[in-house]
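Enquirer: The whole structure should be built from the sequences, with the hints applied where relevant.
Using the working numbering, the first residue of the first sequence is number 341, and each one after it goes up by one.
Careful, some of the hints might be misleading.
[Claimed, not checked] Just the calculated beta-carbon pair ranges, DEER-fashion:
(1) 627 <-> 454: 19 to 25 angstroms
(2) 409 <-> 363: 26 to 32 angstroms
(3) 409 <-> 518: 34 to 40 angstroms
These are computed hints drawn from the structure, not numbers from a lab.
Just so it is clear, CB atoms sit at the ideal spot from N, CA and C, and this is done for glycine as well.
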Amino acid sequence: MQQVPGQVVAQVIDWFAGVARDLPWRAPDRTPWGVLVSEVMLQQTPVVRVEPVWREWMDRWPTPADLAAAPTADVLRAWGRLGYPRRALRLADCARAVVERHDGVVPDDEEALRALPGVGEYTAAAVRAFAFGRRSVVVDTNVRRVQARAVTGVALPAPTYTAAERRLAASLVPDDDADAARWAAASMELGALLCTARVPRCGTCPLRESCAWRLAGFPPDAHADKRRTQSWEGTDRQVRGRVMAALRSADEPVPRVLLADAGPQPQLDRCLAGLVEDGLAETDDAGRYLLPA
DNA sequence: AATTCGGGGTG
DNA sequence: CACCCAGAATT
341 MQQVPGQVVA
351 QVIDWFAGVA
361 RDLPWRAPDR
371 TPWGVLVSEV
381 MLQQTPVVRV
391 EPVWREWMDR
401 WPTPADLAAA
411 PTADVLRAWG
421 RLGYPRRALR
431 LADCARAVVE
441 RHDGVVPDDE
451 EALRALPGVG
461 EYTAAAVRAF
471 AFGRRSVVVD
481 TNVRRVQARA
491 VTGVALPAPT
501 YTAAERRLAA
511 SLVPDDDADA
521 ARWAAASMEL
531 GALLCTARVP
541 RCGTCPLRES
551 CAWRLAGFPP
561 DAHADKRRTQ
571 SWEGTDRQVR
581 GRVMAALRSA
591 DEPVPRVLLA
601 DAGPQPQLDR
611 CLAGLVEDGL
621 AETDDAGRYL
631 LPA
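Expert: As structure tokens, then:
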């Protein structure tokens, strides 16, 4: 195991105490459900885009029971353009699971959290730490980058999460519940605000003296060649996105011919079938498309 | 281990 | 215009 300077965790926690962003899901009046909702919305979606949607969402559906009772069409419209709308379906499924399995109370143990729809390794750990102040190993894209640089001494982590990274992350987490929760929030914040992917602000980093990447002379990313940027133009995802945008803004069921702008044949039909299969759309008896009730 | 799944801000 | 964002589920 790599030798980690003992001061690293404390330095990041101290830094965080002075600069932590004032996010609504960090407010004293937040609920565990609010934290869970924020974590699902934040999966692959930046904070600035999530914040306004989260506020409206929590105002409208404050508890799991509220969301569990909401029509799917309302949920998908409220999700808006956060992207990956299947997350909205899973979040509604998650609300129903919390109501049915846990009496409407968000569970605080790893097993029960992981069993909820849309809750994976990261989200379960994050909810434990941020909603309940419990020790857990919280590793998101920010934490991966911070430990890759500060400890391992490389520019960026490997494209896929490795067992070595998981072990290193676990070794960094303080034993104490409160300290572990602080480290989780602080290490993520460091990656989000200073140790960023593009242009890291090393000059003001609390770890600038001990950072292994800096001490190694800022070696370049070793797997730059393997990071193929996800294509977008002409993909099913683009076509699906256009269809969903059309259905969200429609007041009544949409005839297929009015969706022709979304993409060429046979791609459009494939995407429409996929959306119906995914539960993101349905057809009425006239074959028109609409958001599911 | 590799793919699929949105959308938009930004350097 | 390529790159990146508090990942999860599926194969």
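Enquirer: All hints, please: hold or fail.
Expert: Hints versus structure:
1. 627 <-> 454: 19 to 25 angstroms: 40 angstroms, violated
2. 409 <-> 363: 26 to 32 angstroms: 27 angstroms, holds
3. 409 <-> 518: 34 to 40 angstroms: Between residue 409 and residue 518, where Cβ atoms are some 35 angstroms apart, the hint holds.
Of the numbered hints stated above, the single one contradicted by the structure is hint 1.
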